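Participant: Protein chains in written order, with the working numbering: chain G, 1 to 219; chain L, 1 to 292.
Hints listed in this document are in silico derivations from the structure and should not be mistaken for laboratory results. You may find that some hints are simply not true.
Simulated crosslink set (PhoX-like; lysine-lysine; CA at most 20 Å straight-line) [to be verified]:
| hint | chain 1 | residue 1 | chain 2 | residue 2 |
| --- | --- | --- | --- | --- |
| 1 | L | K110 | L | K246 |
| 2 | G | K181 | G | K217 |
| 3 | L | K110 | G | K76 |
| 4 | L | K246 | G | K53 |
| 5 | L | K203 | L | K246 |
| 6 | L | K110 | G | K53 |
| 7 | L | K49 | L | K134 |
| 8 | G | K217 | G | K182 |
| 9 | L | K79 | L | K223 |
Computed from a predicted structure; not experimentally measured.
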Amino acid sequence: MNVFDIIGPIMIGPSSSHTAGAVRLGRVAWKILGQRAVKAKIMFSGSFAETYKGHGTDKAIIAGIMGMHSNDERIKNALTLAKESGLEFSFELIQLPDAHPNTARITLTGENNATCTIQGCSIGGGNILVTEINGLEVSFTGQYNTLLVLHYDKPGTIAAVTNFMAYSGLNIGNFRLSRPKKGGEAVMTIEVDGEVPDYLIQNLQILPNIINVILIKAI
Amino acid sequence: MLSYNSIAELCQNANEQNKKISEIVLSDEALQMEQSEEALFNKMTENFKTMCQAVNDGKNPNLRSASGLTGGDAAKMEKYAQTGGLCGSFLNLAIMKAIAVSEYNAAMGKIVAAPTAGSCGILPACIISMVESKKCDEKQAIMSLFTAGAIGMVIAQKASVAGAEGGCQAECGSASAMAAAVLVELAGGTPEQSAHACAMAIKNQLGLVCDPVAGLVEIPCIKRNVSGTVIAFSSAEMALAGIESKIPADECIMAMKQVGSSLPCSLRETSQGGLAITPTGLKLKEQVFGTK
Numbered sequence: 001m002n003v004f005d006i007i008g009p010i011m012i013g014p015s016s017s018h019t020a021g022a023v024r025l026g027r028v029a030w031k032i033l034g035q036r037a038v039k040a041k042i043m044f045s046g047s048f049a050e051t052y053k054g055h056g057t058d059k060a061i062i063a064g065i066m067g068m069h070s071n072d073e074r075i076k077n078a079l080t081l082a083k084e085s086g087l088e089f090s091f092e093l094i095q096l097p098d099a100h101p102n103t104a105r106i107t108l109t110g111e112n113n114a115t116c117t118i119q120g121c122s123i124g125g126g127n128i129l130v131t132e133i134n135g136l137e138v139s140f141t142g143q144y145n146t147l148l149v150l151h152y153d154k155p156g157t158i159a160a161v162t163n164f165m166a167y168s169g170l171n172i173g174n175f176r177l178s179r180p181k182k183g184g185e186a187v188m189t190i191e192v193d194g195e196v197p198d199y200l201i202q203n204l205q206i207l208p209n210i211i212n213v214i215l216i217k218a219i
Numbered sequence: 001m002l003s004y005n006s007i008a009e010l011c012q013n014a015n016e017q018n019k020k021i022s023e024i025v026l027s028d029e030a031l032q033m034e035q036s037e038e039a040l041f042n043k044m045t046e047n048f049k050t051m052c053q054a055v056n057d058g059k060n061p062n063l064r065s066a067s068g069l070t071g072g073d074a075a076k077m078e079k080y081a082q083t084g085g086l087c088g089s090f091l092n093l094a095i096m097k098a099i100a101v102s103e104y105n106a107a108m109g110k111i112v113a114a115p116t117a118g119s120c121g122i123l124p125a126c127i128i129s130m131v132e133s134k135k136c137d138e139k140q141a142i143m144s145l146f147t148a149g150a151i152g153m154v155i156a157q158k159a160s161v162a163g164a165e166g167g168c169q170a171e172c173g174s175a176s177a178m179a180a181a182v183l184v185e186l187a188g189g190t191p192e193q194s195a196h197a198c199a200m201a202i203k204n205q206l207g208l209v210c211d212p213v214a215g216l217v218e219i220p221c222i223k224r225n226v227s228g229t230v231i232a233f234s235s236a237e238m239a240l241a242g243i244e245s246k247i248p249a250d251e252c253i254m255a256m257k258q259v260g261s262s263l264p265c266s267l268r269e270t271s272q273g274g275l276a277i278t279p280t281g282l283k284l285k286e287q288v289f290g291t292k
């Protein structure tokens, strides 16, 4: 924690959890999609479902999907801007048992037909926790630069990735592996200290058994 | 390096170096964040400017929140403040600023969470009032936000600044305690006097529940930003007069933590108790969200 966690962030109101956090969730989904979204299906659970209209959570999440930050004054008009830019969106209310009260599931379709679904929650003070990406369990807050490495669960893959990071002088603050099925698709969630150079991502991408590497910059 | 786990630590370090709390915090944070003091000061200047803009835009008489429940009261207060009211125009204009920023927040305006969005009106109201009435200059005001941040960090570590955890005492109570310490510093008081003002502000809001109508950051949040502002001023005035809090600030923070944990869930931002479930509170909720 530092002094700007208390005096800050500069954000669009009214709620750090229901507005600022929602922008970040939308933004993470957009980052993971990796292209402009043309279709967004958003499902709200818990407190998000009950109060999203009054807090502008709907506008906030769409703003994030369009790549805005939580201090962008266009958030207020995000729904109109989305329609104008050809982003089709819908909101649904769902009950996710055992989920955090402020949880959203976001499914995006991109202009080049890529799709992704993420689930995450807004845990207070504008901070978020992403818990699922495309059915794979993850856990990251976006407070640190985070590398998501989608790969096939084969021996040596993790060692290859972390070795490469070590050579680049990058320190790992947190590492988590999610592997629903032995030998199947898996994801490493790696939170790092400091900046991640572009060449590192490119080099990781060409390692054997790597499907994709996504950098979520600290937000 | 500072640990930010007690107010006493801040006072002791400031006294040892014969500096203000804001000065030791700026130096320490620059060290901890591996950035220059100038860079941090510039970043804080951005926060200050955003606060000023929020006061300015928030007093628009046509301002309304997304829910339609609030807006326009800061404009009323500004007009009234010109009469001097009961407490003079200085305090009434401070009240106006607290309403303006809080209403602006509810209307999806750009604000600085300080420490939260729900309590974003208190620090701007106190600090900008000091600048406007020439009781301090802009640079001192920006510096004082480092003192506010340090007090907030101690509270966040030892208790909480989230309504969902500690009730409104954790949000408006913390903001008010931060502002009280700041006002003392801006008025030329000692670090100890800042600590006493901080303690007295906490004592006066201990137990304050978080019971927002319809779950929105509007009713009663906007008006609690006003009481937080007034309590910050009264606490600072007492401290500057040489009055001491018999219970030290760090122990007040401990009490805040203990009281917060004792609050039932219904009074911690869930809108299941307090003003939220009064007949009118429920009616307003229906008005905004319709019946289910």
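Participant: Evaluate each hint against the coordinates.
Facilitator: Now for the hints, and whether the structure bears them out:
1. K110/L to K246/L: 39 Å, violated
2. K181/G to K217/G: Given that 20 Å is the threshold and the Cα spacing comes to 28 Å, the pair is violated.
3. K110/L to K76/G: 10 Å, holds
4. K246/L to K53/G: Between K246/L and K53/G the Cα gap is close to 46 Å, so the pair fails against 20 Å, i.e. violated.
5. K203/L to K246/L: 11 Å, holds
6. K110/L to K53/G: OK: K110/L and K53/G at ~18 Å, within 20 Å.
7. K49/L to K134/L: Answer holds: K49/L to K134/L is near 17 Å, not above 20 Å.
8. K217/G to K182/G: 30 Å, violated
9. K79/L to K223/L: Distance ~17 Å between K79/L and K223/L Cα, so the pair holds.
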